[in-house]
Amino acid sequence: MAMREAQTRAVPIDHAVDVVIIGAGVVGSALARSLSRLRCSVAVIEKESDVGTAASARNSGVIHAGINYAPDSLRARFCMKGRELLMTWCDELNVPTKACGKLVVASNESEIPGLKRLQATGEANGVPGLAIIGTDEIARLQPGVRAVAALHVPSSAIVSPYAMTLAMAEEAAVNGVTFHLECRAIGIRAVEGGYAVDTDRGTVTGRWVINAAGIHAGRLAQTIDPEAPDLYPCVGEYLILDKQVGESLTMSVYPAPPVGGSGLGVHITPTTEGNVLLGPSDAYVPDPETTACTGKTADRLLEEAKAMWPDLPAHLVIGAYAGTRAKRTPPDVGGFGDFLIRRSPDADHVIHLIGIESPGLTAAPALAEHVVHEILRANDRFVEKPAEERVHRPWPTRFDELSEEDKDRLTAEDPDHGDIVCRCEGVTKHELLHALHNPLGVRTLAGIKYRCRATMGRCSGGYCLPRMVDILQEEHGWGPEDFVLRGPTSPAFAGWLIGEDRD
Amino acid sequence: MNRRVIACILCPNGCELEVTWNGEPTEQSLEVVGNLCPKGTAYALDELTHPERTLTTSIRIRGGVQRLASVKTASPIAREAIVAARQALRPMVLDAPVAIGQVVVEDVAATGVAVVVTRAVARRSGPERPEPPSHGGERTSAG
Amino acid sequence: MTERSRVADVAVIGGGPAGLAAAAAAAEQGARVVLIDRNPQLGGILNQCIHDGFGLHAFGEVLTGPEFAERYVRRATDAGVSLQSNTLVTRLGPDGEIACSRSGQREQMRAKATVLAMGCRERTRGMIRIPGSRPAGVYTAGTAQWLTNLANVRIGRRVVILGSGDIGLIMARRLTWEGAEVIAVIEKLPYPSGLPRNINQCLLDYEIPLHLSHSVTCIHGKNRLERVTVSRYDEPGTPVPRSEFDLDCDTLLLSVGLIPENELSRRAGVVLDRTTSGAAIGASYMTNVPGIFSCGNVLHIHDLADWAAEEGARAGTSAARYADGANEGPPLEDAIPIRAGDGIRYVVPQRVGRSTDQVLLSFRVTEPRRETTIQVTSSGTTVGSMKLRKAHPATMVQMTLQTKDLTAPVEVTCS
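Protein chains in written order, with our numbering: chain H, 1 to 503; chain A, 504 to 646; chain E, 647 to 1061.
If we strip away everything but chain H, and leave its shape as in the complex, we get (with noise of 0.2 Å):
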């Protein structure tokens, strides 16, 4: 481990850039790819190993419609324009997208005036086709739901939120953008010309800095602005169930609206992988970072999805995640607070994006635009572009959902096409090294594993985790302790079992 640690933490990095970004979630990594269309240097601070590893991947996934929130709100308006934006930056990036439509369902009468506040609060919102619907039409766009009636939000669709903020990230940083990870920002001071942002590795400066650090982001505003507010974590556990479910759940379930609660119910969403999600809870912390799950929340996440879908298959749960969420209310309040872009009195150029909860991830790309906008707007001499100065870098198309006649032919291009080292995701040994020689210099087995989704199938890497060691250390080098989950606090290994083994 020592090899790794020299690597990171020992280098210092102390230099001035444009605009420093703290946080590589979904939000930073959009304001990072925005930035980067601009000739404008951007560092970006991040103090996990990799980007979009907290709340940004421990998500359901949805790009949301547009009915939760009220019409005047921030949450509301970079809903709206979020998932416009989105779409076409999904599009851009070729990050797999669903419209797959979304059923609000009522489990008896009482729940249907619930549903009418949502329709209600999404038509003022913009949001289309929005109807109540009866059991036939349920069963007709949903087979096996249980519900006396349902709101219909056929513009509610989901995404893959971990490639979307990883193929945002790789593409800024191959525009310039840089990223310090296992980099932690400990606090922003005003200093000749801007801003520092002091991290555990030396000082980052910046004429602007934005604070896009999810659940850490109000203590950081308070070491510029002791006035920024206090956040709370409130964590989601979700359970995964295999693929197999996901060819007979192909739209998101939710519950109606429970009345003060802090999340949106338990609700059951399909992913653009075709496994289903069941989640999330929602329960204050003491935590910012709580990952773990509990078996009481397993078991109500089961019983309450079971309610909605009665025939959901228990025996294919395969995994479980959990996040927090940054919310600005505090437990003895609950529900939900409004997104609060704050800029620092004394400090103009320090933006803090501030409880940055559901719509979140929708809204990242808004967010993103808003504050280069702000920037731009500040007679910076900030210039866009030419189109031949920005390079393109989209995400691969999985290659287990290509054409045959593509395989085939790249394939017969490289034989590495034709290795496929993952059995449950169809993952090939060209997609694993691509992942493995990404622009972010990342090599946890968590990286590797979001990068191409071995690992991430129903036998949790009983194949895969040995082709890809196997590949790992038989023709690049690798040894036992340079197998980490997701950082050098996490080795895999405890080194070689025989001897200093080198050929």
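Everything labelled a hint here was simulated from the structure, so no lab data went into it. For glycine and all other residues, C-beta sits at the position ideal for the given N, C-alpha and C. One should not assume that every hint holds.
In silico negatives: residues of chain H with every beta carbon more than 12 Å from chain E [claimed, not checked]:
| id | residue |
| --- | --- |
| 1 | Asp72 |
| 2 | Gly126 |
| 3 | Ala139 |
| 4 | Gly176 |
| 5 | Thr205 |
| 6 | Pro286 |
| 7 | Thr291 |
| 8 | Thr294 |
| 9 | Phe336 |
| 10 | Ala347 |
| 11 | Arg390 |
| 12 | Asp400 |
| 13 | Leu410 |
| 14 | Arg486 |
| 15 | Leu497 |
Here are the simulated lysine-lysine pairs, DSBU-like style, with alpha carbons at most 30 Å apart [unchecked claim]:
| id | chain 1 | residue 1 | chain 2 | residue 2 |
| --- | --- | --- | --- | --- |
| 16 | E | Lys1050 | H | Lys407 |
| 17 | E | Lys868 | H | Lys243 |
| 18 | H | Lys296 | E | Lys868 |
| 19 | A | Lys542 | E | Lys1036 |
| 20 | E | Lys758 | E | Lys1050 |
| 21 | H | Lys243 | H | Lys296 |
| 22 | E | Lys834 | H | Lys306 |
| 23 | H | Lys98 | H | Lys116 |
| 24 | H | Lys243 | E | Lys834 |
| 25 | E | Lys758 | H | Lys296 |
Dock chains A and E against chain H, hints included.
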């Protein structure tokens, strides 16, 4: 009264032997119940007085298509000698190719028993295993 | 480039003991046989099973896994089987079309008969929903065995093992021999799942504690495993309150069950048995899809590779006969069913199938028993019975049943 339940391994029947004795276990003091044949009684006594085990482990291979070849003691050795036998094998490295039955060492840890290869490993063709990636340098974008 | 030219009499998918034996047997019947395996070396799971205990029934010898595999590879080679390693079958059609892929080549072939011998995968942490964090250091026992025995990787230093099946017990010993501290083996049932010999030689020899009626109820450690919480279970499914204790460790091995790998089968229209998670078959090992046969761990989980190989040989022989034009008899759904009754967890084959004089039944009891009798009845008449001195769910039992005069459903019970 001492009591042990021992699974006999001499044949597929796998009789469960209930063994009782007083004082030291000897041919005379031992009572064995549950065996289908007399070999079971002898096995029970052996198990209690000088148990033997087959060691199965791996040896490093140089220049082979696999890093390791599995090996075993050619016959069971005293259970107490297992640790020493394992230690004796640790520093050994064989050059590929190796064949099933190939002797790794004639007498491991003074047991009088040989250790033999149990898995063939062919010689690796092509380049040697690459050196580990060079470490150092900022992990930032390529841009 | 896709080749669409190859045709075989019998294609065998999977090169472990069952597949190798099936391929050899089919070739010995005169069929043109292709065996397809996704690993670089044939032998399947046997290559990582470097412990001994194989071959007692098949050869009267005590062999390690790799030695056992080598016997069957040689037999298949000598019989003229075309052996294709490093090749993954991506699709199996109900009409005998097989699509496969390997480095540099994608191929389609057609076989008159196909034998499914893909083996199994391990039940994972996610499937059994152990609460807690998801740190590095949690491995299924088979993966840990591969890492230890083939990749020369030390997975950790202080190990807890969940599950007292043979694979967990073997790994307890293996890791102890390699200098790890195996802190405990945890078993949910009130009795161990593995063979008594392995309890002796893997746990008792090393004084590794075995906690029966316990399970792991929480995993701790954000980045690398730090400890596990263990609780007692007097009733299945409900931990006893305040019975929990923590074990400090850096590695958790899960030996919590094997699942037949039937993705390909399912997509080919093969009907699976819900209890075994393997195909429902008739006496000839043919599934409901004409020409598709199944054997080995993909059919039902075996405890002895010797039995898996023998079963493979029977399936391979049937497949060769089918490819040669033999009549399979009535469709599977019309064949006489064989049911698991009281005390029996499952029976394979699930139907009698084509007209034949006898069938070999393989089954497992639901709980450990001593001095018990297996009864096979049909329309209230006893058509077969067998006395057993002892029976354990972990040990498969086999029994030949005469089928010539059977007309009504058959039930197997244990009392």
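Interface-negative label, Ala347(H) against chain E, beta-carbon threshold 12 Å: Non-interface label stands for Ala347(H): nearest chain E Cβ at 34 Å, farther than 12 Å.
Take a quick look at whether Lys1050(E) and Lys407(H) sit within 30 Å of each other, Cα to Cα. With a Cα-Cα distance of about 51 Å, the restraint between Lys1050(E) and Lys407(H) is violated, given a limit of 30 Å.
Nearest-CB test (12 Å) between chain E and Thr205(H): Holds, since 31 Å exceeds 12 Å.
Beyond 12 Å from each Cβ of chain E, as asserted for Asp72(H): Given a closest Cβ separation of 40 Å, the condition holds.
Check the hint pairing Lys243(H) with Lys834(E) against an upper bound of 30 Å on the C-alpha distance. OK: Lys243(H) and Lys834(E) at ~29 Å, within 30 Å.
Proposed proximity, Lys1036(E) with Lys542(A) (alpha carbon, max 30 Å): 20 Å, holds
Could you check that no beta carbon of chain E comes within 12 Å of the beta carbon of Arg486(H)? Arg486(H) is in fact no farther than 12 Å from some Cβ atom of chain E, at 7 Å.
Far enough from chain E: is every CB of that chain over 12 Å from the CB of Phe336(H)? The assertion about Phe336(H) holds, with a minimum of 27 Å to chain E.
Could you grab the alpha-carbon distance between Lys834(E) and Lys306(H) and see if it respects the 30 Å cut-off? 27 Å, holds
Should the label of Gly126(H) as a non-interface residue stand, given a Cβ cut-off of 12 Å to chain E? At about 40 Å from chain E, Gly126(H) clears the 12 Å cut-off, so the statement holds.
Given the proposed pairing of Lys98(H) with Lys116(H), does the C-alpha separation stay at or below 30 Å? Holds, at roughly 25 Å.
The output says Pro286(H) does not contact chain E. Does that hold with a beta carbon cutoff of 12 Å? 14 Å, holds
Hint check: violations occur at hints 7, 8, 12, 13, 14, 15, 16, 25; the rest are consistent with the structure.
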